[in-house]
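*Asks:* Sequence:
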Amino acid sequence: MEFNWKKIELSDKDVIQGYYRRAKLQNCESTFANNYLWAPHYKIRYTIIEGMLAFLSDEERPCVSFPLGEGDLKKTMDTILTWFEERERPFKMNLVNPSQFALLEELYPDKFQIEYNRDYSDYVYESEKLLTLSGKRLHGKRNHINKFKETYPDWSYEAITGENTQECLEMAQEWRIRNGCDEDEAKDAEFCVTLKALKLREELELKGGLLRADGRVVAFTLGEPGSGDTFIVHIEKAFADVQGAYPMINQQFVEHEAAGYPYVNREEDTGAEGLRKAKLSYRPVMLLEKGIIRLK
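4 is the number of the first residue of the sequence shown in my numbering; add one for each residue after it.
Treat the hints with care, since some could be wrong.
[Stated by the list, open to error] Computed cross-link-like contacts, SDA-like style, restricted to lysine to any residue with a CA-CA straight-line distance of at most 20 Å:
1) Lys280 with Phe242
2) Lys199 with Ala175
3) Lys132 with Gly143
4) Lys152 with Arg219
5) Lys16 with Ile52
6) Lys280 with Ile238
7) Lys282 with His147
8) Lys199 with Glu32
9) Lys280 with Asn120
10) Lys9 with Glu53
11) Lys202 with Asp191
12) Lys27 with Glu292
13) Lys95 with Ile52
14) Lys95 with Glu292
15) Lys282 with Asp244
16) Lys10 with Ile51
17) Lys210 with Ala175
18) Lys190 with Ala275
19) Lys282 with Thr135
20) Lys16 with Lys27
21) Lys210 with Gly143
22) Lys280 with Ile148
I should point out that these hints are in silico values taken from the structure, not numbers from a laboratory.
Please put together the full structure from these sequences, using the hints given.
*Replies:* Laid out in structure tokens, this is it:
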């Protein structure tokens, strides 16, 4: 059995995004932009099986995504399982949420097992809370923002456009040097994705915002509407020595670009202790679990 696993091109945006739009998933991976930007790093390709969208990463050690679409899930899964069997590869499916696993349990009782990894759970917040930072628990965030405004009275927020993208690229290069991306493979991959996202912002229909202090760009962020009621923040960079830059760009981006979306997904922490502490400090309303499925 052969599938036409296709390299993801910009021209595939409408097809892939159409499946996501109908699925109405909240997780950060469920957008065309995310798939396209990370595809080279995870060797991601896609195909349509029985009218359902599926992704494959690394054909030598294959891992597939949960099929999306209005086709016959049982028939699609049987086809995928046969594909693994014929290649004598162990079945593996990633980014599976609890409701998707429940569907598979109904179709294949006691056939699969799932393992959730806390490091890859998405942090989802109420937009209003990120905007107002109301309540005692977020008092420290308000203080950081007030300190930023006091230190940089000439601060400004701007949407990223063709006119200021180059300044963001230059800031990103400086951020790379300061954060030792050359010595860290994961950081270097993220940096490559960041540059590509900035350069292809319009083609990928990403929304961007930057923060200026003393006339220079000290922070920027990129995100996009998800397929449901959630706005997804994919990238956020700020200079750590500019006190309050991170909470300030976070708040301003939600105010200017995520209006009308009840929830904001700020992605996972990948197990980084400092990042986990920072994401938890904003009091997420939920953590989106994503698991890996294997045969029992």
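*Asks:* Hint compliance check: list the failing hint numbers for this structure, sorted ascending.
*Replies:* Failing hint: just 21.
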